[in-house]
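**Q** Letter by letter, the chains look like this.
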Amino acid sequence: MSTLALRTRRVAEIAALHADEVDREGRFPAEAVAALKAERLLGIQIPMQFGGESAGMSDIAEVCFALGQVCTAAAMVFAMHQIKVASLVTHGLDSDWHCSLMARIAEEQLLVASSTTEAGIGGDLRNSLCAVEADGEVFSLTKEASVISYGAHADLILATARRNPQAPTSDQVLVALMQDQITLTMTSRWDTLGMRGTCSDGFLLVARDVPLVQVLQKPFAEIAAQSMLASSHLLWSSVWFGIASFAVDRARAYVQGEARKKPGSVPPGALRLAEAANELQAMKGTVIAGLKRFEMAQGNVDDLSSIGFAVMLNNVKTTVSAMAVDIVQRALGIVGLAGYKNGTPFSLGRALRDVMSAPLMISNDRILANTANLLLVQKGGSQLMSA
Amino acid sequence: MVFVNDIRELLKGIGSLADCADRVSEEDDLFEKGLDSFGSVQLMLALEEKYNIEFPDHLLNRRSFSTIRIIRETVSALTVSAAA
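Just so you know, the sequences run in chain order A and B. Count along the first sequence starting at 1, add 11, and that's the number in this note's numbering. Count along the second sequence starting at 1, add 56, and that's the number in this note's numbering.
Bear in mind the hints are in silico, worked out from the structure with no lab data behind them. Take these hints with a grain of salt, some might be off.
[To be verified] With a straight-line cut-off of 30 Å between C-alpha atoms, the simulated DSSO-like cross-links for lysine-lysine are:
{"#": "1", "chain 1": "B", "residue 1": "K68", "chain 2": "A", "residue 2": "K390"}
{"#": "2", "chain 1": "A", "residue 1": "K303", "chain 2": "A", "residue 2": "K48"}
{"#": "3", "chain 1": "A", "residue 1": "K390", "chain 2": "A", "residue 2": "K303"}
{"#": "4", "chain 1": "A", "residue 1": "K352", "chain 2": "A", "residue 2": "K295"}
{"#": "5", "chain 1": "A", "residue 1": "K295", "chain 2": "A", "residue 2": "K390"}
{"#": "6", "chain 1": "A", "residue 1": "K390", "chain 2": "B", "residue 2": "K89"}
{"#": "7", "chain 1": "A", "residue 1": "K352", "chain 2": "A", "residue 2": "K273"}
{"#": "8", "chain 1": "A", "residue 1": "K229", "chain 2": "B", "residue 2": "K89"}
{"#": "9", "chain 1": "A", "residue 1": "K352", "chain 2": "A", "residue 2": "K272"}
{"#": "10", "chain 1": "B", "residue 1": "K68", "chain 2": "B", "residue 2": "K106"}
{"#": "11", "chain 1": "A", "residue 1": "K48", "chain 2": "A", "residue 2": "K295"}
{"#": "12", "chain 1": "A", "residue 1": "K390", "chain 2": "B", "residue 2": "K106"}
{"#": "13", "chain 1": "B", "residue 1": "K89", "chain 2": "B", "residue 2": "K106"}
{"#": "14", "chain 1": "A", "residue 1": "K229", "chain 2": "B", "residue 2": "K68"}
{"#": "15", "chain 1": "A", "residue 1": "K303", "chain 2": "A", "residue 2": "K229"}
[Unchecked claim] Listed next, with one range per pair, are the computed distances between beta-carbon atoms:
{"#": "16", "chain 1": "A", "residue 1": "Q309", "chain 2": "B", "residue 2": "E110", "range": "26 to 34 Å"}
{"#": "17", "chain 1": "A", "residue 1": "Q267", "chain 2": "B", "residue 2": "P112", "range": "50 to 58 Å"}
{"#": "18", "chain 1": "B", "residue 1": "C76", "chain 2": "A", "residue 2": "D135", "range": "16 to 24 Å"}
{"#": "19", "chain 1": "B", "residue 1": "N61", "chain 2": "A", "residue 2": "Q190", "range": "39 to 47 Å"}
{"#": "20", "chain 1": "A", "residue 1": "G360", "chain 2": "B", "residue 2": "A133", "range": "57 to 65 Å"}
{"#": "21", "chain 1": "A", "residue 1": "L17", "chain 2": "B", "residue 2": "E83", "range": "48 to 56 Å"}
{"#": "22", "chain 1": "B", "residue 1": "E110", "chain 2": "A", "residue 2": "A293", "range": "42 to 50 Å"}
{"#": "23", "chain 1": "B", "residue 1": "G69", "chain 2": "A", "residue 2": "M307", "range": "30 to 38 Å"}
{"#": "24", "chain 1": "A", "residue 1": "Q190", "chain 2": "B", "residue 2": "S137", "range": "51 to 59 Å"}
{"#": "25", "chain 1": "A", "residue 1": "L223", "chain 2": "B", "residue 2": "V136", "range": "39 to 47 Å"}
{"#": "26", "chain 1": "B", "residue 1": "P112", "chain 2": "A", "residue 2": "A293", "range": "27 to 35 Å"}
{"#": "27", "chain 1": "B", "residue 1": "S137", "chain 2": "A", "residue 2": "S13", "range": "44 to 52 Å"}
Where is the CB? At the ideal position from N, CA and C, for every residue including glycine.
Using the sequences and the hints given, assemble the complete structure.
**A** And the structure:
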């Protein structure tokens with residue numbers, strides 16, 4: 012087993028111990044995140060020259076998958092952190108300040124949160140109302156952030172904002188705000204069906220006298236297209252694959268238990284298990300193909316921002332999120348009441364509630380509408396083993 | 057022939073660029089001026105229709121549609137190859 016796998020397993024063991032409580036109380040998975048820091052997993056994506064491990068997307072996806080099987084809140088926090096780090100690693104190398112931030116993330120194991128959602132804009136990543144208001148060498152920013160996942164627990168927040176108060180809503184930049192540079196006033200509480208431990212509360216975010224060097228000068232449009240789209244769809248998909256795998260594992264254990272009770276006959280749930288395992292394998296193939304395609308495209312800006320690549324990633328997200336829900340429901344059908352009930356070795360309630368978020372976090376309808384638009388110009392004819 | 061003014065006329069039909077299509081220079085990044093992925097697809101469709109061309113997949117990326125100059129060069133190359 013690789014060191015990364017061993018470190019991941021140690022975190023997963025701790026995360027598993029607290030997962031039910033994190034869910035029940037809707038609290039931050041503090042123990043799991045402390046373990047991620049202790050195992051120095053928050054900085055693995057940072058380039059080695061800044062003290063990280065230059066881990067690729069597949070390595071990070073592996074951690075997301077492992078945590079997704081035991082504590083989806085911890086898995087999502089890790090995934091969202093790495094999505095933000097991906098933006099820094101991909102787009103921050105030209106800025107001295109952001110390079111030193113990367114070194115700090117690796118050294119101090121800082122947890123990075125994201126603030127894109129805004130009152131009046133909703134979940135539309137590519138528009139902002141709030142704006143960077145520069146005054147000499149510093150700026151201020153006030154954002155009605157209707158959702159900041161684990162905002163109250165993060166060491167820094169990467170927030171989208173209009174480049175200046177005159178800019179159109181789509182001319183955005185990404186600003187890094189350290190915890191001691193902002194005040195967060197909670198405006199809504201994240202009390203949800205599932206994914207309760209991500210603590211995606213709403214806040215009024217106010218930043219004052221922040222040095223302008225903390226604004227990433229690259230247009231956010233490029234950051235979104237070249238790193239965020241891929242990293243979020245692929246890492247979230249890996250978390251969802253973890254949830255679905257967990258559910259199939261429980262269904263398999265249940266069917267095997269039934270088989271041992273009545274030797275010589277195949278339990279009725281075995282056929283349904285075969286179907287669920289079949290779908291799980293197809294889901295895995297979709298996630299892995301997406302990861303491989305991303306790693307092939309890495310560094311190639313034209314490829315990463317091409318229509319074919321965006322269509323592929325959109326399809327990974329919509330396919331995998333729908334399959335994840337379906338697989339967990341199938342597993343529940345196999346296990347029956349032992350899965351419906353909390354506190355049994357086969358309970359699936361938390362997994363089902365958590366996975367229901369998958370088609371909703373970035374609504375599949377919004378993504379399909381985007382794909383529909385892209386398909387108006389995409390041409391066909393690629394080869395089996397190409398994109 | 058592909059004229060800059062013809063491209064500008066097409067840009068006026070793209071919702072997010074309608075207001076600034078007359079003012080953008082040939083070198084301005086259209087995505088910074090508000091062009092989004094929906095608008096860029098509408099722009100591609102309008103160019104395909106006007107010049108009777110089809111953009112191959114390898115040109116369907118942000119860069120091919122990022123400035124008026126690049127659009128003119130890309131479309132010119134395609135109309136020449138279509139005529140040949």
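**Q** All the hints need checking, so say for each whether the structure fits it.
**A** Results of checking the hints against the structure:
A threshold of 30 Å between alpha carbons decides the hint, and for K68 of chain B with K390 of chain A the separation of about 26 Å falls inside it, so the pair holds. This hinted pair checks out: K303 of chain A and K48 of chain A have alpha carbons roughly 28 Å apart, not beyond 30 Å. With a C-alpha separation of about 22 Å, the suggested pair K390 of chain A and K303 of chain A falls inside the 30 Å cut-off, and the hint holds. The suggested pairing of K352 of chain A with K295 of chain A holds, with an alpha-carbon distance near 28 Å, which does not exceed 30 Å.
Proposed proximity of K295 of chain A and K390 of chain A is supported: the alpha carbons are some 27 Å apart, at most 30 Å. Annotation: proposed proximity of K390 of chain A to K89 of chain B holds, straight-line Cα distance about 27 Å (limit 30 Å). About 24 Å separates the Cα atoms of K352 of chain A and K273 of chain A, which keeps this hinted pair within 30 Å; it holds. A threshold of 30 Å between alpha carbons decides the hint, and for K229 of chain A with K89 of chain B the separation of about 14 Å falls inside it, so the pair holds.
For the hint linking K352 of chain A to K272 of chain A, the alpha-carbon distance of about 21 Å falls within 30 Å, and the restraint holds. Of the pairs offered as hints, the one joining K68 of chain B and K106 of chain B holds, with about 14 Å between alpha carbons and a cut-off of 30 Å not exceeded. Of the supplied pair hints, the one linking K48 of chain A and K295 of chain A holds, its CA atoms being roughly 28 Å apart against a limit of 30 Å. A threshold of 30 Å between alpha carbons decides the hint, and for K390 of chain A with K106 of chain B the separation of about 18 Å falls inside it, so the pair holds.
As the CA atoms of K89 of chain B and K106 of chain B are separated by approximately 23 Å, the hinted pair is consistent with the 30 Å bound. At most 30 Å may separate the alpha-carbon atoms for a hinted pair to count; K229 of chain A and K68 of chain B meet this at roughly 26 Å. The hinted pair formed by K303 of chain A and K229 of chain A meets the criterion: a straight-line CA distance of about 26 Å does not exceed 30 Å. Range check, Q309 of chain A to E110 of chain B: Cβ separation about 28 Å, and the 26 to 34 Å hint holds.
Remark: the range hint 50 to 58 Å for Q267 of chain A to P112 of chain B is upheld by a beta-carbon distance near 53 Å. The given range of 16 to 24 Å is respected by C76 of chain B and D135 of chain A, whose C-beta atoms sit roughly 21 Å from each other. A beta carbon spacing of about 52 Å between N61 of chain B and Q190 of chain A contradicts the range 39 to 47 Å that was offered as a hint. At about 59 Å, the beta-carbon gap between G360 of chain A and A133 of chain B stays in the expected band of 57 to 65 Å.
Checked against the given bound of 48 to 56 Å, the beta carbons of L17 of chain A and E83 of chain B, roughly 53 Å apart, stay inside it. A beta carbon spacing of about 33 Å between E110 of chain B and A293 of chain A contradicts the range 42 to 50 Å that was offered as a hint. Taking 30 to 38 Å as the suggested C-beta distance range, the pair G69 of chain B and M307 of chain A conforms, at roughly 36 Å. For Q190 of chain A paired with S137 of chain B, a C-beta distance near 56 Å keeps the hint of 51 to 59 Å intact.
Distance hint check for L223 of chain A and V136 of chain B: the Cβ-Cβ separation is about 46 Å, which falls inside the suggested range of 39 to 47 Å. Separated by about 31 Å at the C-beta atoms, P112 of chain B and A293 of chain A satisfy the suggested range of 27 to 35 Å. For S137 of chain B and S13 of chain A, the Cβ-Cβ distance of about 50 Å falls inside the hinted range of 44 to 52 Å, so the restraint holds.
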